[in-house]
Amino acid sequence: DAGVTQSPTHLIKTRGQQVTLRCSPKSGHDTVSWYQQALGQGPQFIFQYYEEEERQRGNFPDRFSGHQFPNYSSELNVNALLLGDSALYLCASSWDSPKGIQYFGAGTRLSVL
Amino acid sequence: GNSVTQMEGPVTLSEEAFLTINCTYTATGYPSLFWYVQYPGEGLQLLLKATKADDKGSNKGFEATYRKETTSFHLEKGSVQVSDSAVYFCALSGVKAAGNKLTFGGGTRVLVKP
Chain A
10 DAGVTQSPTH
20 LIKTRGQQVT
30 LRCSPKSGHD
40 TVSWYQQALG
50 QGPQFIFQYY
60 EEEERQRGNF
70 PDRFSGHQFP
80 NYSSELNVNA
90 LLLGDSALYL
100 CASSWDSPKG
110 IQYFGAGTRL
120 SVL
Chain B
182 GNSVTQMEGP
192 VTLSEEAFLT
202 INCTYTATGY
212 PSLFWYVQYP
222 GEGLQLLLKA
232 TKADDKGSNK
242 GFEATYRKET
252 TSFHLEKGSV
262 QVSDSAVYFC
272 ALSGVKAAGN
282 KLTFGGGTRV
292 LVKP
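Line by line, the protein sequences give chains A and B.
Read left to right, the first sequence gives residues 10 to 122 (my numbering).
Read left to right, the second sequence gives residues 182 to 295 (my numbering).
Keep in mind that the hints are not guaranteed to be accurate.
Unchecked claim - Restraint-style ranges between C-beta atoms, simulated for each label pair:
{"hint": "1", "chain 1": "A", "residue 1": "Ile21", "chain 2": "B", "residue 2": "Gly287", "range": "25 to 33 Å"}
{"hint": "2", "chain 1": "B", "residue 1": "Arg248", "chain 2": "A", "residue 2": "Gly93", "range": "21 to 29 Å"}
{"hint": "3", "chain 1": "B", "residue 1": "Gly182", "chain 2": "A", "residue 2": "Asn86", "range": "22 to 30 Å"}
{"hint": "4", "chain 1": "A", "residue 1": "Ser120", "chain 2": "B", "residue 2": "Glu196", "range": "32 to 40 Å"}
{"hint": "5", "chain 1": "B", "residue 1": "Pro295", "chain 2": "A", "residue 2": "Asp39", "range": "42 to 50 Å"}
{"hint": "6", "chain 1": "A", "residue 1": "Asp105", "chain 2": "B", "residue 2": "Thr193", "range": "37 to 45 Å"}
{"hint": "7", "chain 1": "B", "residue 1": "Gly287", "chain 2": "A", "residue 2": "Ala11", "range": "24 to 32 Å"}
{"hint": "8", "chain 1": "B", "residue 1": "Glu223", "chain 2": "A", "residue 2": "Glu61", "range": "37 to 45 Å"}
{"hint": "9", "chain 1": "B", "residue 1": "Leu227", "chain 2": "A", "residue 2": "Ser16", "range": "18 to 26 Å"}
{"hint": "10", "chain 1": "A", "residue 1": "Asn88", "chain 2": "B", "residue 2": "Gly222", "range": "22 to 30 Å"}
The hints are simulated quantities; they were obtained by calculation from the structure and are not laboratory data.
Keep in mind it's a predicted model, so treat the numbers as computed, not measured.
We put the beta carbon where it would ideally sit given N, CA and C, even for glycine.
Using the sequences provided together with the hints, build the complete structure.
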């Protein structure tokens, strides 16, 4: 059983560019959440997708957007990249339940130069 | 809002020493509590969880007890190994209206020396 998979593993972009990160959830999971983890800090919740809709959103600007596809996979898009967007971006999947445990992928390391 | 506070690291120990990482939380209602571990260059792995007061989560020799009266979920291991060197994150979820999104503490780096 494949776990949560993310691509690419690493990415280097320059300021002002746009980036798309991808996530495939664990088999059987229907909910995908995205987190940003800055170096030396805990992950911060960006948003959560369920039934192809953004259900919850953390304190992130609308430069951060996402999408969920009918097969439950998801994309995170970031526009107008800033140096401060450099971080590890983690995708987590779960069942739709307030008590649903989230399982994480290995992350995409984004460096903005 | 919801928050998690955990002791800052790094925590440096010798092999076979006792490990404690303190974690306290602020939340309304009855959250679920988690410890996740992150090994170098990797994502987060669920280490253990507890979903109600007085529950004890345990895994791989690690334990943590959900203490509602002190709003705490301290992580303990009786005898650490070099392979336990990692960053440990305390987190909560499941508070009403917040769904299962996770709120994390800042992480505690643990280094176990042989």
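Original post:
Has the hinted range 25 to 33 Å been met by the Cβ atoms of A/Ile21 and B/Gly287?
Top reply: 27 Å, holds
Original post:
Does 24 to 32 Å hold as the CB distance between B/Gly287 and A/Ala11, or does it fail?
Top reply: Holds - the Cβ-Cβ distance for B/Gly287 and A/Ala11, about 31 Å, lies within 24 to 32 Å.
**OP:** With respect to the beta-carbon atoms only, verify the hint that B/Glu223 and A/Glu61 lie 37 to 45 Å apart.
**Re:** Given range 37 to 45 Å: violated, Cβ gap about 29 Å.
Original post:
Using the C-beta atoms of A/Ser120 and B/Glu196, is the stated range 32 to 40 Å upheld?
Top reply: 35 Å, holds
Original post:
At the C-beta level, are B/Gly182 and A/Asn86 separated by a distance inside 22 to 30 Å?
Top reply: 26 Å, holds
Subject >> Hint check for A/Asp39 and B/Pro295 - Cβ pair distance inside 42 to 50 Å >> reply: 44 Å, holds
Original post:
Given a hinted range of 21 to 29 Å, is it respected by the beta-carbon distance of B/Arg248 and A/Gly93?
Top reply: 37 Å, violated
Original post:
Using the C-beta atoms of B/Leu227 and A/Ser16, is the stated range 18 to 26 Å upheld?
Top reply: 22 Å, holds
Subject >> Outcome for the supplied range 37 to 45 Å, where the beta carbon pair is A/Asp105 and B/Thr193 >> reply: Holds: the Cβ-Cβ distance is about 41 Å, inside 37 to 45 Å.
Original post:
Per the hint of 22 to 30 Å, is the separation of the Cβ atoms of A/Asn88 and B/Gly222 within bounds?
Top reply: Roughly 28 Å apart at Cβ, these two residues keep to the hinted range, so it holds.
Checked against the numbered hints given earlier, the structure breaks hints 2 and 8 and satisfies all the rest.
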